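Two independent chains are provided; combine them into the complex using the hints.
Chain residues, written in single-letter form:
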Amino acid sequence: MASTLWYLYILTKKRFIKRFLWAKTDREYTIPPKRFRKIPPVVEYPERCISCGACEGSCPSSAIEMVYFQDHNKKLPRIDVGACIGCGNCVESCPTKVLEIGNLREETLSLPWNVPKYRYFVIDQELCVNCGSCKGVCPVDAIDYDGDSYRIDVNRCIGCERCVEACPVLDAIRIYDEEVLKEKFNRCFEIKFKRMVKEEERGEVIPEVPRIVISLCIRCGNCVDVCPGEIDLKDYKVVECTRCGRCIEVCPTGAMRIGEVSRVSKIKDRCYIIEEDRCIGCRICYRVCSVGAIDISWDTRLPYINPERCVRCGVCYRECPVEAISLTDTESSLKLYRLRKVRDYFESMVSKDLDEISRKYVQLKSDLLEFAQGKVEEALKRIVDEKMKKDDSNAL
Amino acid sequence: MIKEFFRKRSIHACVVNTGGCNGCDIEILTLIASRYDIEQYGIYIHNNPREADLLIVTGPVTLPWKDRLKELYEKTPEPKVVIAVGACALSCGIFKEGHVCGPVDRIIPVDGVIPGCPPRPAQIIEAILKVVPTSIAEREKVIKEEISQ
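As given, the protein sequences belong to chains A and B, one line each in that order.
Mind the numbering: the first sequence is residues 1 to 396 in my numbering, read in order.
Mind the numbering: the second sequence is residues 1 to 149 in my numbering, read in order.
Check before you lean on any hint, since a few could be wrong.
Label pairs and their computed distance ranges (CB to CB) [to be verified]:
no.: 1; chain 1: A; residue 1: K18; chain 2: B; residue 2: P77; range: 48 to 56 Å
no.: 2; chain 1: A; residue 1: E106; chain 2: B; residue 2: N47; range: 37 to 45 Å
no.: 3; chain 1: B; residue 1: K66; chain 2: A; residue 2: T108; range: 37 to 45 Å
no.: 4; chain 1: B; residue 1: N47; chain 2: A; residue 2: V67; range: 50 to 58 Å
no.: 5; chain 1: A; residue 1: M1; chain 2: B; residue 2: R50; range: 56 to 64 Å
Just so you know, these hints were derived from the structure itself, not from any lab.
Only a predicted model underlies this, so the values are computations on that prediction, with no experimental measurement involved.
The beta carbon of each residue, even a glycine, is placed where N, CA and C say it ideally should be.
Here chain B stands alone, though its shape is the one from the complex (with noise of 0.2 Å):
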C-alpha cells in the first residue's frame, strides 16, 4: 500500500517526437519550466525509456521512426502508460498526405489521448494526472498478482 501511494507521486516520464513540427514539444518545454512546473506533482521528465513509466509521444510516425518506436516501447519496463499529444499523434493531422506509416496508436497501443494543435500546458497536465497515477497503480497491482499466482 505504502509502494503504491509513493508509485502514484513519482512517475518518470520519457518524451519522444516521432517526427513533427516541434509545436507539441515545445509546450512539453514549458510544463518543465517554472510556470506550469510539472515535478511538482511529482512527474520527472527523465528522457530514458529505460527507467520510464510513462512515454509521451508526438508527432505522426515517420517512415524510419517505426521501428525505433516500437523498441521504445518494448524497452520501457512495466508498468507502463503512453500518451499521445497533438493532433500528430492521433489523426497525423497536416502529414495525412504525406510520407508517414500513421497515427501512433497504429504502431503501439496508446492508454491516453490529448487533440489540439497544440494543446494547452495546461491541458497537457490535467491529461496526464488524470490518466497515468491511478492507471499505473492498478497496473501495479495486476502484475502483482500475476507474479503471486
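For reference, chain A alone in the conformation it holds in the complex (with noise of 0.2 Å):
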C-alpha cells in the first residue's frame, strides 16, 4: 500500500512528467565522434615532404609505400586504403608535417611522444671524427654536439639515412633495427635457457676483457642477462670477466668491443693537399685534425698529410684561414706525402748526428778543460813547493 502511494506520488511529480515528455533518442547517434580518425591519412602537404621514408617505416601494417611521383619530383608516400589501420603512427613520426589524420596533430600536441621506429642510428664514439658533417646534413637538427661528441637524439630522428651518406668514416654511424633487436634478444633466451639446463660449453674464447662503448651502449641489459660474471651498466665497466664472449655475441649494437679499430675512409681516390706556396704555418690544421694525419715537417716547418690516414672529414679544409688546402686525388697528395717524410728521416737522420756529435764534443771540451786544470794547478803545487825549499835551504 505505501510502495504504491510512493509510486503515485512519483509518478505525478511535475519533474517526473516533463522529464517522460521530452525523452528523445539522440538525432545525430550515426556522426562519428570528434576523436574518430578516418581512414586512411592524407597528404595534406606534398610540397613539405622531404622523402625520409619515416612513414613507410612506422607503418605496423605495412600500408604505405613510397612512390616516386613526377609533378613533385620526389618520392611520396602512397597509402593503401585497404591496409590502414588509422594508429596514426605516420602522422606522429612525420618530421615536416606532411600527413594529416583527423584532428590528431592538434590533440597530441602538447604531449611528448616518443616516435615509433624501424630503425636507429647510433654514433661510434671511437670511431667519430667530430668533423660535424652529420649535424651540417640532418634535416630535423636531430644531432647534438655536447662539448665533445656529437649524439643523435632518438624522438627527433626520422631515420632518413644523410648523416650516414655525409659521414666520412666507414661504419661509424651504425644502424640497427628491429629484426637485429629480435635476433640478438633470441639468442639471449637461447643461451640463458642452456645455461638453465646445463647444456652450455664454453671455456675461454676471447683473449682480453673487453670494453664497453658508452655512446652505443642502448642499455638493452643483454650483456648483463649472459655474463657468467659482472657487468656494471651504471658506470659502463665489466668488472668481472670470465672471457666467454657471450656478450659480444648478444650486444645488438656492437657496444661490447675488444681490440683497436681503426678508421677507414669511403674516399679513397681523392684526398686533401696542403699548398706549400700558399701556408702561413699557423698549425691550425695541425691542432683540428682529430685523427693525427698531419705533421709538421722538418724541412719546411711547414704541415702536410698523410693520405693513408685521413679520413677526408674536410675540418682542416675548413679552418684553414688561407685556403691553403684543396681536394686533389689520392696519387699527388701521396706523392707529396712521400717526400716530405723521405726529407724529414733524412733530415731528422742528419740532425740526431749532429746533435750527438755536438754534444760528444761539448762533453770532450769539459773534460779536457778539468783535466788541464788539475795538471796545471799540481805544477803551481809543485813549483812553490820546490821555491819554498830552496828559501829555506837558502836561510840555513
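As C-alpha cells, this is what we get:
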C-alpha cells in the first residue's frame, strides 16, 4: 500500500512528467565523434615532404609505400586504404608535418611522445672524428654536439640516412633495426635457457676483457643477462670477466668491443693536399685534425697530410684561414707526403747525428778543461813547494 | 517481380571470423543491438551458411581457416554475396608478417569491401545496403534466365 502511494507520488511529480514528455533519442548518433580518425591519412602538404621514409618505416601494417611522383619530382607516400588501420603512427613520425589524420596532431601537440620507429641510428664514439658533417646535413636537427662528441636524439631522428651518407668514416654511424634486436634477444634467451638446463659448454674464447663503448650502448641489458661474471651498466664497466665472449655475441649494436678499431675512409680516390706556396704555417690544421693525419715537416716547418690516415672529413679544409688546403686526387697527395716523409727522415737523421756529435764535443771539451786545470794546479803547487824548499835551504 | 521485391528486403547474413582480433566482430555485434538495429533494414544475422545470402568475413585468413572458408563458401546457396569487413580482411592489416594465408579475396571472390580498423557500424550498414540488395536481385535474375534456357 505504502509503495503504491510512493509510486503515485513520484509519477505525479512535475519533474517526472516533464522528463517523460521530453525524452527523445539522440538524433546524431551516426555522426562519428570528434576523436574518430577517418582512414586513410591524407598527404596534405606534398611540397613539404623530404622523402625520408619515416612514415613507411613506422607503419605497423606496411600500408605505406614511397612512390616516385613525376609532378613533384620526389618520392611521396602512397597509402593503401585497405591495409591502413588508422593508428596515426605515420602522422606522429612525420618530421615535416606532411600527413594529416583527423585532429590527431592538434590533440597530441602538447604531449611528448616517442616516435615509433623501425630503425635506429647511433654514432660510434671511437670511430667518430668530430667533423660535424652529420650535423650539417641532418634535415631535422636531431644531432647535437655536447662539447666532446656528437649524439643522435632518438626521438627526433627520422631515419633518412643522410648522416650515414655524409659521414666520412666507414661504419661510424651504425644502424640497427627491430629485426636485429629480435634476433639478438632470441639468442640471449637461448643462451640463458641452455645455461639453465646445464648444456652450455664454453671455455675461454676471447683474449682480453671487453670494454663498453658508451655512445653505442642502448642499455638493453643483454650482456648483463648472459654474463656469468658481472657487468656494471651504470658506470659502463666490466667488473668480473670469464672471457666467454657471450656479451659480444648478444650485443645488438656492437657496443661490447675488444681490440682496436681502425678508421677507414669511404673516399679512396680523392684526398686533401696542403699547397705550400700559400700556407702561412699557422698550424691550425695540425691542431684540429682528430685522427693525427697531419705532421709538421722538419725541412719546411709546414704541415703535410698523410693520405693513409686521413679520413677526408674536411675539418682542416674548413678551418684553414688562407684556403691553402684543396681537394685533389690521392696520388699527388701521396707523392707529396712521401717526399716530405723521406726528407724528414734524412733531415731528422742528420740532425740527430749532429746533435750527438756536438754533445760529445762539449763533453770532451769540458773533460779536457777539467783535466788541464788539475794538471796546471799540480804543477803550480810543485813549483811553489820547490821554491819554498829553496828559500828554506838558503836561510839555513 | 514480387519475389524480387521481397528478395531485396529479406536477406540472411552469416558472420565469419577467420582469425582476426574480434574488433570488427564487436562492431558487427552493435549492428544487431538496438542503436544501429540492422534488422529494420531487412537483414537478419543468422549465422547459418546453408540459409545465408550474405557472408560477412572479418579477419585475415589463417592457415586452419583456409579450407573451412572455402567449404563455407560452397555451402552457401546461390545467389550469394561476400563482404570483407576491416583492414585485415582486405590486406591482412597488422597480421601481414604473421602466419596467414593472405587476405580474403585470395581464397574466395569478394563483392564488397569495407576498409577501416574497425569500420564504424554506420559504414558497415551503408556498404551492405549499397551492395547486397541490388546484386542479389540481379544474380537471381541471371540464375533464372539460365534455368529457363
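Okay, the hints, checked on the actual structure:
A hinted range of 48 to 56 Å holds for the C-beta pair K18/A and P77/B, which are about 54 Å apart. Remark: the range hint 37 to 45 Å for E106/A to N47/B is upheld by a beta-carbon distance near 42 Å. A C-beta distance of roughly 40 Å is found between K66/B and T108/A, which places it inside the suggested range of 37 to 45 Å. For the hinted restraint 50 to 58 Å between N47/B and V67/A, the CB-CB distance of approximately 42 Å leaves it violated.
Separation of M1/A from R50/B is about 57 Å and conforms to the stated range, judged on CB atoms against 56 to 64 Å.
Comparing the model with each numbered hint stated earlier shows that hint 4 is the single one that does not hold.
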